[in-house]
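Q: In mature numbering (1 follows the signal peptide of the UniProt record, and there is no 0), the protein residues as written are -21 to -1, 1 to 121.
Keep in mind the hints are simulated off the structure, nothing from the lab.
None of the values given here were measured: they were computed from a predicted structure.
Check each hint, because a few of them may be wrong.
Computed list of lysine to aspartate or glutamate pairs in DMTMM-like fashion (alpha-carbon distance at most 25 angstroms, straight line) [said to hold, decoys possible]:
#	residue 1	residue 2
1	40	101
2	75	16
3	104	82
4	17	64
5	59	29
6	108	16
7	75	6
8	115	44
9	104	71
10	108	29
11	21	64
12	104	116
13	12	26
14	75	92
15	17	82
16	96	24
17	17	71
18	63	16
19	21	92
20	12	92
21	115	5
22	63	92
23	104	6
24	59	6
25	96	5
26	87	24
27	115	29
28	63	5
29	43	82
30	75	7
31	59	5
32	40	62
33	52	116
34	43	6
35	115	92
36	112	64
37	96	6
38	40	116
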Amino acid sequence: MNQLPIQVLILSLLAVSSVIAYRGFDDDFVNYKISADKCVSKSGDQELCDNFIACNDIGPKRLKDLYDMCIRKHIGHLGKCNDKDTLYGTSEEYSKYLHCLLDGLPQKSSLSDEDQKLFNVDYHKCVYKYGGKCFKEHGNES
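Using the sequences provided together with the hints, build the complete structure.
A: See below:
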C-alpha cells in the first residue's frame, strides 16, 4: 500500500492546525511572546526586563489583570534580571505561570474594540520591539 497520500494528508492537517489561532489569538504571536518571555527572563538586562514588563501596562486591562494574577499565584513576584535571578523564577514556576495564563486567556472576540486595538497595535509593537531587541542582543528566537 502506498503511504504517500497518508503522509500528505497528515502534513496538510499539521499545516492547517498551525495557522489556527489559540482562542482567537494568532499562534505566531503567542509563540513569539513565549520565546520573548524566555529570552528576556534570562537576559541579565534589567532595563530590557523593565521595558518588556511595561508592555503589559499598555495592553488590555483584562490581560494585565490575568498576567498579574498568574504571577502572584505561581511565582509570587517577578524576579530580577541579573546573573543570579531570572524574571519568571524557576522553569517549573514559569511553566505553571504559563499554563495559568493560557488557561485563563479569554476569547479574543470577547475583548472590546478598544481592547482589541490596544492588543493588536500597542501591545504587539511593544512585545516585538523588546523581544526583538533581546533576540538580537542575546541570541536568536528559539
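Q: Please list, smallest to largest, the hint numbers that this structure does not respect.
A: Per hint list: 8, 9, 14, 16, 19, 22, 24, 26, 28, 31, 32, 33, 35, 38 violated.
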